[in-house]
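Generate coordinates for the entire structure from the input sequences, incorporating the hints supplied.
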Amino acid sequence: MNYIEPHGHMVSRTTDDYERMAIAGCQAICEPAFWAGYDRASAEGFYDYFRQITEYEPKRAAKFGIQHYCWLCINPKEAEDLKLADDVIALIPQFIDKPGVLGIGEIGLNKNSRNELKIFEQHVQVAQDYDALVLIHTPHLEDKLKGTRLIVEALKNFPKIKPERVIIDHVEEHTIDHVLDHGFWAGITLYPESKCTPNRAIDMLEHRHAERIWMNSACDWGISDPLAVPKTMQAMRQRGWTPEMIQRVAWDNPRAFMGQCEKFKL
Numbered sequence: 720m721n722y723i724e725p726h727g728h729m730v731s732r733t734t735d736d737y738e739r740m741a742i743a744g745c746q747a748i749c750e751p752a753f754w755a756g757y758d759r760a761s762a763e764g765f766y767d768y769f770r771q772i773t774e775y776e777p778k779r780a781a782k783f784g785i786q787h788y789c790w791l792c793i794n795p796k797e798a799e800d801l802k803l804a805d806d807v808i809a810l811i812p813q814f815i816d817k818p819g820v821l822g823i824g825e826i827g828l829n830k831n832s833r834n835e836l837k838i839f840e841q842h843v844q845v846a847q848d849y850d851a852l853v854l855i856h857t858p859h860l861e862d863k864l865k866g867t868r869l870i871v872e873a874l875k876n877f878p879k880i881k882p883e884r885v886i887i888d889h890v891e892e893h894t895i896d897h898v899l900d901h902g903f904w905a906g907i908t909l910y911p912e913s914k915c916t917p918n919r920a921i922d923m924l925e926h927r928h929a930e931r932i933w934m935n936s937a938c939d940w941g942i943s944d945p946l947a948v949p950k951t952m953q954a955m956r957q958r959g960w961t962p963e964m965i966q967r968v969a970w971d972n973p974r975a976f977m978g979q980c981e982k983f984k985l
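Take 720 as the starting number for the sequence shown in my numbering and just add one per residue.
Some hints could be false.
What the hints assert, rightly or not - 27 Å max Cα-Cα, derived BS3-like pairs, lysine-lysine:
1) 863 <-> 879
2) 782 <-> 984
3) 865 <-> 875
No lab work stands behind these hints: they were computed from the structure. Computed from a prediction, not measured in an experiment: that's the story for all the values here.
Right, dumping it as structure tokens:
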């Protein structure tokens, strides 16, 4: 069964991973801008990174018949450096009109700090200015519910940002209702050692009838699995899900959300 990987950091993966994902049925990958495994020293490093995800990774994915899309930002882990963040945000207009760029992300909070929140709001302003989709990271190191509430409250200050054009990722059992009840989309991240297991993810999907939810691997530099989505699809089959129900989560939902950007075409 075909699927979409809506959140994968492919710059941290080998070419073999593209091949394995293609064999498993992956048709499209969406890569949010993120941490490089180390803190970058200057905006020039981000300039090269933006070139990598907008120019090189689409070509690498295409070799295996996979479409590659991306998002732009300075991630929350590096947002404490306000000067660096300002310089990186100033680069975004040079790249945002490129063919595979869907919007701004993954922005959000890491430690729920004031600096992170300030840079988050600057990113949202860019998204509002360009009428772009938004992909949001919720914290792992600090209180996730507190961070989620801070994010939702901050978004209320941007009247042109529509909730249906925002996905708040890395939700868990104690945050998913808050996200969906405010009209946003929710992303469930599948990790071998942290975040959600397949069965936890399926429980949440069943709890909310799979409405406005996608699931992703967020495969990155850490212990993660680029095949987490198809493995969870198999767990769905074992739980008695029909092919139509599985397709809704693995294909229809991410396609519906990202299809709000005219660049996303399958």
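* Asked: Looking at the structure, which of the earlier hints fail to hold?
  -> none
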